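Chemist: Got chain A; can you put chain B on it based on the hints?
Here the protein sequences line up with chains A and B, keeping their order.
According to my numbering, the residues represented by the first sequence are 92 to 512, in order.
According to my numbering, the residues represented by the second sequence are 741 to 966, in order.
No lab work stands behind these hints: they were computed from the structure.
Keep in mind the model is a prediction, meaning the values are calculated, not measured.
Hints may contain errors.
Between beta-carbon pairs, the in silico distance windows are [as the list claims (entries may be wrong)]:
id, chain 1, residue 1, chain 2, residue 2, range
1, A, 332, B, 873, 24 to 34 Å
2, A, 253, B, 789, 55 to 65 Å
3, A, 494, B, 892, 41 to 51 Å
4, B, 757, A, 329, 27 to 37 Å
Residues from chain B shown here face chain A by an in silico Cβ test under 8 Å; the list is partial [stated by the list, open to error]:
id, residue
5, 748
6, 749
7, 750
8, 751
9, 752
10, 815
11, 816
12, 890
13, 892
Positions of the beta carbon are idealized from the N, C-alpha and C atoms, including for glycine.
Here is what each chain is made of, one letter per residue.
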Amino acid sequence: MEILLNSGHILVIIAAVVGLFMAWGIGANDVANAMGTSVGSKALTIKQAIIIAMVFEFAGAYLAGGEVTSTIRKGIIDASFFVDSPELLVFGMISALFAAATWLLIASALGWPVSTTHSIVGAIVGFAAIGVSPDAVVWGKVGGIVGSWIITPLISGVIAFIIFNSAQKLIFDTDKPLQQAKRWVPLYMFLAGFVLALVTIKKGLKHLDLHIGTTEGYIYAAITAVIVALIGKVFINRLKFDESATLKTHYANVEKVFAVLMIVTACCMAFAHGSNDVANAIGPLAAVVSIVDNGGQIAAKSTIAWWILPLGGFGIVAGLAMFGHKVMATIGQGITHLTPSRGFAAELAAACTVVIASGAGLPISTTQTLVGAVLGVGMARGIAAINLGVVRNIVVSWVITLPVGAGLSILFFWMMQATFT
Amino acid sequence: MARNTILGVFAKSPIKPLEKHIRLVVKCSNQLIPFFAACYEQNWSEATKIRRKISKIEQDADTLKRQLRLELPGGLFMPVDRADLLELLTQQDKIANCSKDIAGRVLGRKLEIPTSLQEQFSVYLARCIEATEKAAEAINELDDLLETGFRGREVILVEKMINQLDEIEDDTDAMQIMLRRDLLALERDLNPVDVMFLYQIIDWVGYLADLAERVGARLEILLARK
Numbered sequence: 092m093e094i095l096l097n098s099g100h101i102l103v104i105i106a107a108v109v110g111l112f113m114a115w116g117i118g119a120n121d122v123a124n125a126m127g128t129s130v131g132s133k134a135l136t137i138k139q140a141i142i143i144a145m146v147f148e149f150a151g152a153y154l155a156g157g158e159v160t161s162t163i164r165k166g167i168i169d170a171s172f173f174v175d176s177p178e179l180l181v182f183g184m185i186s187a188l189f190a191a192a193t194w195l196l197i198a199s200a201l202g203w204p205v206s207t208t209h210s211i212v213g214a215i216v217g218f219a220a221i222g223v224s225p226d227a228v229v230w231g232k233v234g235g236i237v238g239s240w241i242i243t244p245l246i247s248g249v250i251a252f253i254i255f256n257s258a259q260k261l262i263f264d265t266d267k268p269l270q271q272a273k274r275w276v277p278l279y280m281f282l283a284g285f286v287l288a289l290v291t292i293k294k295g296l297k298h299l300d301l302h303i304g305t306t307e308g309y310i311y312a313a314i315t316a317v318i319v320a321l322i323g324k325v326f327i328n329r330l331k332f333d334e335s336a337t338l339k340t341h342y343a344n345v346e347k348v349f350a351v352l353m354i355v356t357a358c359c360m361a362f363a364h365g366s367n368d369v370a371n372a373i374g375p376l377a378a379v380v381s382i383v384d385n386g387g388q389i390a391a392k393s394t395i396a397w398w399i400l401p402l403g404g405f406g407i408v409a410g411l412a413m414f415g416h417k418v419m420a421t422i423g424q425g426i427t428h429l430t431p432s433r434g435f436a437a438e439l440a441a442a443c444t445v446v447i448a449s450g451a452g453l454p455i456s457t458t459q460t461l462v463g464a465v466l467g468v469g470m471a472r473g474i475a476a477i478n479l480g481v482v483r484n485i486v487v488s489w490v491i492t493l494p495v496g497a498g499l500s501i502l503f504f505w506m507m508q509a510t511f512t
Numbered sequence: 741m742a743r744n745t746i747l748g749v750f751a752k753s754p755i756k757p758l759e760k761h762i763r764l765v766v767k768c769s770n771q772l773i774p775f776f777a778a779c780y781e782q783n784w785s786e787a788t789k790i791r792r793k794i795s796k797i798e799q800d801a802d803t804l805k806r807q808l809r810l811e812l813p814g815g816l817f818m819p820v821d822r823a824d825l826l827e828l829l830t831q832q833d834k835i836a837n838c839s840k841d842i843a844g845r846v847l848g849r850k851l852e853i854p855t856s857l858q859e860q861f862s863v864y865l866a867r868c869i870e871a872t873e874k875a876a877e878a879i880n881e882l883d884d885l886l887e888t889g890f891r892g893r894e895v896i897l898v899e900k901m902i903n904q905l906d907e908i909e910d911d912t913d914a915m916q917i918m919l920r921r922d923l924l925a926l927e928r929d930l931n932p933v934d935v936m937f938l939y940q941i942i943d944w945v946g947y948l949a950d951l952a953e954r955v956g957a958r959l960e961i962l963l964a965r966k
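For reference, chain A alone in the conformation it holds in the complex (with noise of 0.2 Å):
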């Protein structure tokens, strides 16, 4: 008790750099998974993706990633088994922000396909249940964020299947797909301006206390998605289509129809990716900062403090501007055979569920979810070839994540406990 009152502040200070290298991280590595498609796809330069990255992942951070940021901070453990020492989770979540910061880190540099969110979520149970005991854990809800990841990705693909299906029936399979496109592409920019302004409006401002009805709530979003349709819908007439183009080679004119698309849903998915992925960073620092600034208290509701959320949010940026521009002038150079059309059904359905479960509190893995989409196109029949093999290193190293997270938390919070008692 006495370490809070007299090193609160290092603990702090601690925690925000380590919660601050945590989002770096994310920027620099995580980013490029929800990007990727976009630059792949040969939709948005590599310059162009870097800014809506910073504009939206931020954005996402911080109007909808408080509902995450409170699971990670109070969801995973039981609080009142610290209600006598909780110096003991002021070192335990220090620690599983360094470990799962380390791993980023490690697995990074061996390129390996890693998921921050199990990162960050075994290495809180890990301290918890080893360090502390297997009853600090609340099973039951860790069970439920597990569960999450095996439900997101399926159901993210059954959501690309249908949007995917959607499209061929309204546009690819009719006599003039460029007119189709351009009469049913708004709709779908409408769909995921709605879906996200929804949950922005929904969960992500109740922290900047608006409080806004259920109903104003749908129709603003549906305000604003039908503002982002009508500007979609400016850009699309602006386009020049190559006339001579025959019948033989339509399709590359609807592609640019959907390549327009795609900045939304680019746009989509790195709100969808901030809203979830900044928690990672800035939940367990959340936690500290909170059980610091109550002198002790394990406050059972707590506002997160004002300027931890934009921190995350900073983070993922500064990353993003550092080390975005390597990773994705790699994916750049990469022969993609993805196109716009592809890329977007895949985009659109992670981003929806993504967001979906952001709003629901589930801290959720934003490239599992992109790789079950992937695969729903590819069941729809729409993708050329799918590597099954990296499908399965991606899986492989979710499961393996989890272990060594909680692994390396113990050895850390061990660490602490070493250090400051």
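Modeler: Below, chain B without anything else, positioned relative to chain A:
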């Protein structure tokens, strides 16, 4: 760091190389037209030059075929069956092989097509090559088929092309019968061994159209699965 991204999931598409392969193959069979024109004029140096060219294109097609096979390992999830795709590739490649064999056999014997048959033979050859071109046209729809998820209008369009291909092949069969009958009438005035080889060349040229039809059939199977 490249593998740490979602893009590793997307493997190299076999469709563009497959289309490129059939274009090479057709280019190869097309060379038979100037080749036989040179033979009619008994311009053997020109014929040798063209045969060398045919052989070169055939080798390029072979290289591409091998490369494509290596790039299609088992662990790929594709909208079409891998075995069907590889079988299609094998059939395509046979067209180039057959073209090379025809040129080689004619040049090796300096085989002369009887003057009275030349015009008829040219028409027959052109029709057989038309079949290979039609097959290439259908294969070139594969990227559009991918765009439309292998169903709907695009499939109907390709099926129409395959039907046209079948018609052309039927046509060449009829032409082949005529050509044999006319050759039969000339037989006694010609060198018997030459006649034997003439029948064989007529056969092989007809085989080009057969192979083209098989490419179409393979494509149809590819579309029918799943």
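Chemist: Each hint should be assessed against the structure and marked as holding or not.
Modeler: Right, here's what the structure says about each hint:
At about 29 Å, the beta-carbon gap between residue 332(A) and residue 873(B) stays in the expected band of 24 to 34 Å. Distance hint for residue 253(A) and residue 789(B): a CB-CB separation of about 58 Å, consistent with the stated range 55 to 65 Å. At about 48 Å, the beta-carbon gap between residue 494(A) and residue 892(B) stays in the expected band of 41 to 51 Å. Separation of residue 757(B) from residue 329(A) is about 35 Å and conforms to the stated range, judged on CB atoms against 27 to 37 Å.
For residue 748(B), the interface hint holds, the least distance from its beta-carbon to any beta-carbon of chain A being 4 Å, beneath 8 Å. At a threshold of 8 Å, the smallest CB-CB gap from residue 749(B) to chain A is about 5 Å, leaving the interface hint in force. Residue-level restraint check for residue 750(B) holds (minimum Cβ-Cβ distance to chain A is 5 Å; threshold 8 Å). At its closest, the beta carbon of residue 751(B) sits 4 Å from a beta carbon of chain A; the interface hint therefore holds under the 8 Å criterion.
With a least beta-carbon distance of about 6 Å to chain A, the hint placing residue 752(B) at the interface is held under the 8 Å criterion. Below 8 Å, beta-carbon pairs count as interface contacts, and residue 815(B) has one with chain A at about 5 Å; its hint therefore holds. Hint status for residue 816(B): holds, given a least beta-carbon distance of 5 Å to chain A, under 8 Å. Among the interface hints, the one on residue 890(B) holds; its C-beta lies about 5 Å from the nearest C-beta in chain A, closer than the 8 Å criterion.
With its C-beta approaching chain A no nearer than about 3 Å, residue 892(B) sits inside the 8 Å limit, and its interface hint holds.
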